[in-house]
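**Student:** Here is what each chain is made of, one letter per residue.
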Amino acid sequence: MDMSSLKKYEKAIYLCTTCRDGGCGILCPSFEILGFEANTPRGKMRIARALLEGRLEITEPLVRRIYTCTGCGYCATRCSNNPHDVMRALRSHLIEAGRAHYGAASAAESLRKNHNPAFRPHEERFDWLPEELRAPRKAEVVFFVGCYGGHNIHIHWVAQTIVKILDKTGVKWTTLGPDEWCCGEVMGQLGMPDLADEFVKHNVNAINRAVKNLGVSRVVCQCPGCSHVLKHYPRRLGLTLDAEVLHITELYSELIKEGRLKFKESKKTYAYHDACLLGRWQGVYEAPRAIIKAIPEAKLVEMEPRTRDFSLCCTGDVRRWGASAGYGIALDRFYYDFSEGLVRRRLKAAKESGAETLVSTCVGCHRSFVGGSYQRARREDLDLLQISTLVADLMI
Amino acid sequence: MDSNTQQLEDIYEALVKIVGAENVTREECDLICYEKDFSLSSTTQEFMPDFAIHIRTTEQASEIVKLASRYKIPMVPRGGGTNQWGGSIPVSGGIVLDMRKMDRILNVDEENRTVTVQAGVVIWNLVKHLEKLGFFVADKPESWFAATIGARTQTAGTGYYNSRYGQFIDQIICLEVVLPTGEVIKTGPPKVYDPGSGYDLTRLFSNAEGTLGIITEVTLRIHPLPEHRVVEVIEFPTYEDMIEAVVAIRDSGLVPETMETMDGTRYSRWLHAVYIDPQEPYHPSKVSVLRRLPPEVPKDAGIMMVAYAGMKKLVGAQVELTNEIYQKFGGKLVPDWCQEALLASKETYPHNPTPHDNALVGKPFKYVFDATVPLKRATEVFRAYLKLIDKYKVEPRGVETVYCAPDFHAMMCAQIYVDERDEAEVEIAQRFMDEMHRFAISLGGGVGGTGGIGTMRIRYVKDQHGPALELMRRIKRLLDPNSIMNPGKKFE
Chain A
251 MDMSSLKKYE
261 KAIYLCTTCR
271 DGGCGILCPS
281 FEILGFEANT
291 PRGKMRIARA
301 LLEGRLEITE
311 PLVRRIYTCT
321 GCGYCATRCS
331 NNPHDVMRAL
341 RSHLIEAGRA
351 HYGAASAAES
361 LRKNHNPAFR
371 PHEERFDWLP
381 EELRAPRKAE
391 VVFFVGCYGG
401 HNIHIHWVAQ
411 TIVKILDKTG
421 VKWTTLGPDE
431 WCCGEVMGQL
441 GMPDLADEFV
451 KHNVNAINRA
461 VKNLGVSRVV
471 CQCPGCSHVL
481 KHYPRRLGLT
491 LDAEVLHITE
501 LYSELIKEGR
511 LKFKESKKTY
521 AYHDACLLGR
531 WQGVYEAPRA
541 IIKAIPEAKL
551 VEMEPRTRDF
561 SLCCTGDVRR
571 WGASAGYGIA
581 LDRFYYDFSE
591 GLVRRRLKAA
601 KESGAETLVS
611 TCVGCHRSFV
621 GGSYQRARRE
631 DLDLLQISTL
641 VADLMI
Chain B
3 MDSNTQQLED
13 IYEALVKIVG
23 AENVTREECD
33 LICYEKDFSL
43 SSTTQEFMPD
53 FAIHIRTTEQ
63 ASEIVKLASR
73 YKIPMVPRGG
83 GTNQWGGSIP
93 VSGGIVLDMR
103 KMDRILNVDE
113 ENRTVTVQAG
123 VVIWNLVKHL
133 EKLGFFVADK
143 PESWFAATIG
153 ARTQTAGTGY
163 YNSRYGQFID
173 QIICLEVVLP
183 TGEVIKTGPP
193 KVYDPGSGYD
203 LTRLFSNAEG
213 TLGIITEVTL
223 RIHPLPEHRV
233 VEVIEFPTYE
243 DMIEAVVAIR
253 DSGLVPETME
263 TMDGTRYSRW
273 LHAVYIDPQE
283 PYHPSKVSVL
293 RRLPPEVPKD
303 AGIMMVAYAG
313 MKKLVGAQVE
323 LTNEIYQKFG
333 GKLVPDWCQE
343 ALLASKETYP
353 HNPTPHDNAL
363 VGKPFKYVFD
373 ATVPLKRATE
383 VFRAYLKLID
393 KYKVEPRGVE
403 TVYCAPDFHA
413 MMCAQIYVDE
423 RDEAEVEIAQ
433 RFMDEMHRFA
443 ISLGGGVGGT
453 GGIGTMRIRY
463 VKDQHGPALE
473 LMRRIKRLLD
483 PNSIMNPGKK
493 FE
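Line by line, the protein sequences are chains A and B. The opening residue of the first sequence carries number 251 in my numbering; numbering runs sequentially from there. The opening residue of the second sequence carries number 3 in my numbering; numbering runs sequentially from there.
Just chain A, with the same shape it has in the complex (with noise of 0.2 angstroms):
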């Protein structure tokens, strides 16, 4: 059988030896739901092991093992050994198998069509934007919406909503146009990380062309896991990318250091929850507190023990997954419970903290909490908030 994608990680798989200090297998989500020590990022580099030795046949119950995986990072900030990208690589490995989840193979499929993996068509992008807004123009920053901000006609309020805040507090905006294609990151949490390189190729260069002909300087992204492909990723395929990338959160605390965005008071108590792709992935743990704490008489609460690099993931990806890999996994009782039973504990976690508000940045998050597309939403007693819709709502 091909073992390629697994070969890549010999080293890494030999080196983990169910160490004493372990960190990264009690508090991983997947275990923390579905228990058992296949569950934990240890036991699948045991599980990759035996697959490399052809000890392990590939069965159903191991194929969900590894999709179940939320890809949330809570791994690697235990281990520099990088299971997360052995998780990664398992699923490559079903994919040479012929095994994987026919989810991924749609998802392929519609990114090589659509430039998305939400199997809309391309022209569709900017659709949320009235028509005169949508071509590219001179600008300080690109506004990188995204395919779950772009293509999903549920969720525009969170790319109109930003357009918005970014009219009002002055900042000159773009898109890319037809240019601004996937980010990748899908891909490469699905196993397909040459196809997610071929999106990042694409995109550093219509960013860089961007520069030169219109004038930005910056690239702002709605979507953590956005964000997080276009800071780290060039880098690692040798590219330069010419533009600074910034969360919108990160833009906001921005705007607010420099008095140009403003709110009203609310006497309300929020906990904000840590997206694994803003505050993991790229360290950004304070400006999105940063938000909450400028709006006055606000209170912030944490949601201890679990929050910054302990928060626990909502498995926004999975499902995330499911809704763009043509209704996939999302629709599988399986992974919808195992989704559910995290977000359960999540909202617990806030109501424990004292919070009346539960403020996501992630929009998969916010979802996942919501249970659907909702830009409000009351549940288990909280007001479930998306960060712009916050910023909307209060700024003066």
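Check the hints yourself; a few may be wrong.
Stated by the list, open to error - Straight-line alpha carbon distances no greater than 20 angstroms define the calculated EDC-like cross-link-like pairs of lysine to aspartate or glutamate that follow:
id	chain 1	residue 1	chain 2	residue 2
1	B	Lys365	A	Glu303
2	B	Lys365	A	Asp335
3	B	Lys365	A	Glu390
4	B	Lys103	A	Glu282
5	B	Lys134	A	Glu602
6	B	Lys130	A	Glu260
7	A	Lys261	B	Glu397
8	A	Lys418	A	Glu390
9	A	Lys261	B	Asp482
10	A	Lys261	B	Asp421
Stated by the list, open to error - One side only, chain A facing chain B, incomplete, derived with CB under 8 angstroms:
id	residue
11	Gly275
12	Arg485
13	Leu489
Calculated directly from the structure, the hints in this document are not laboratory data. The beta-carbon is built from N, C-alpha and C at its ideal position, and this holds for glycine as well.
We have chain A; now place chain B onto it with these hints.
**Tutor:** The following block gives chain B in isolation, referenced to the frame of chain A:
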């Protein structure tokens, strides 16, 4: 279907009835993850269990034990799976009880300073829970992210705070045990440690490594978080000087909360493992703890980590007295930035130094020695270790020692790097292990150390216990006549 397969099928159905289908697995991909722990073993040794299950209540544990004794199928309770001597490996197959879903903190008695938890609570979770209430348990091992309280009671062990409060076993007030017959007992009154009222069952069932029953609940002492805590890291020119300083601190009547030492090699390796080039792009596994290349430290040197806690004034006075003592033996504080890096990585593990350390050498490290040694003989053990490193030409990772109250006996452990795929290397490591342990026994020490006996150190217990071993065997047979509780461990 042969009778064996039929029996396994029956057991499976019975297990599902007790704990529910989602808590039982017999999938190969699940079982393969339980065939090992952190112990040294060649890759050709594989011990797959027949089932792995999660239990949530004492009643379930009792039912499972009854089932196992009916079918005479072995049972292996398992916590975080970080045991370094093979204690959690199912050497005879059977049922692995993954205890980590027995994870409820049942009661914190703030007035009487006790906490009662289910056995599967992970130490990190307990520490964080108590922190919120202003308390701490006087035990924090390196494995606190993974190890469970139940497994900790079963395998001895050392960690932070031992030099003031004693070892983990000294924190235990009472245990709830499911006996191999399925009966459930408490080993003492719920709020106080009361060994005088009978045979001390709490101590008997502690450190039994799951061979006498399943620990389902543990009551521990807790202490209020101190007002002030100071940690100092001191470098001594030689290991001998450092041991002399430890002796002097003990004899002076000072009560450090933590007293831990390492040799130069261990210290250097630790710092190198947490050094990340600040130019490296951001990655969650590469959060820079140390921004400068660490200094070279001779392998002969001794590094002492000493901590005091309590009222600020009292801590200040103790630190001052300690400073006088270490200066007498040529000790110097290590540079601030080294101390900061060492403590940050020890305290919080922003990233776990172990894998990085392994990657620098290209093979994983394994424990080859772990024993309780009389304090004054610690230097001899260290010298013997250095000699063996030269003799067997192995890559050392160094020696670490924790000193435990009240007599500051030294819990020494040593590690080397071993490629488990290489049979010859594993063989050498085993010989290294034999010589070190037998030397420690000859000095009047014991091989219990941390992590218990497991499968790997059974060969030394006869040397240590002599005729007392037969009595232990009789106790085991009395409690577990079918020998179903973690067979092949401790002394079998």
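**Student:** So, for every hint listed, does it hold in this structure?
**Tutor:** Verification of the supplied hints:
no. : hint                     : in the structure
1   : Lys365(B) with Glu303(A) : holds (18 angstroms)
2   : Lys365(B) with Asp335(A) : holds (19 angstroms)
3   : Lys365(B) with Glu390(A) : violated (50 angstroms)
4   : Lys103(B) with Glu282(A) : holds (9 angstroms)
5   : Lys134(B) with Glu602(A) : holds (13 angstroms)
6   : Lys130(B) with Glu260(A) : violated (36 angstroms)
7   : Lys261(A) with Glu397(B) : holds (18 angstroms)
8   : Lys418(A) with Glu390(A) : holds (15 angstroms)
9   : Lys261(A) with Asp482(B) : violated (43 angstroms)
10  : Lys261(A) with Asp421(B) : holds (11 angstroms)
11  : Gly275                   : holds (5 angstroms)
12  : Arg485                   : holds (6 angstroms)
13  : Leu489                   : violated (13 angstroms)
Going through the hint list in order, the structure does not satisfy hints 3, 6, 9, 13.
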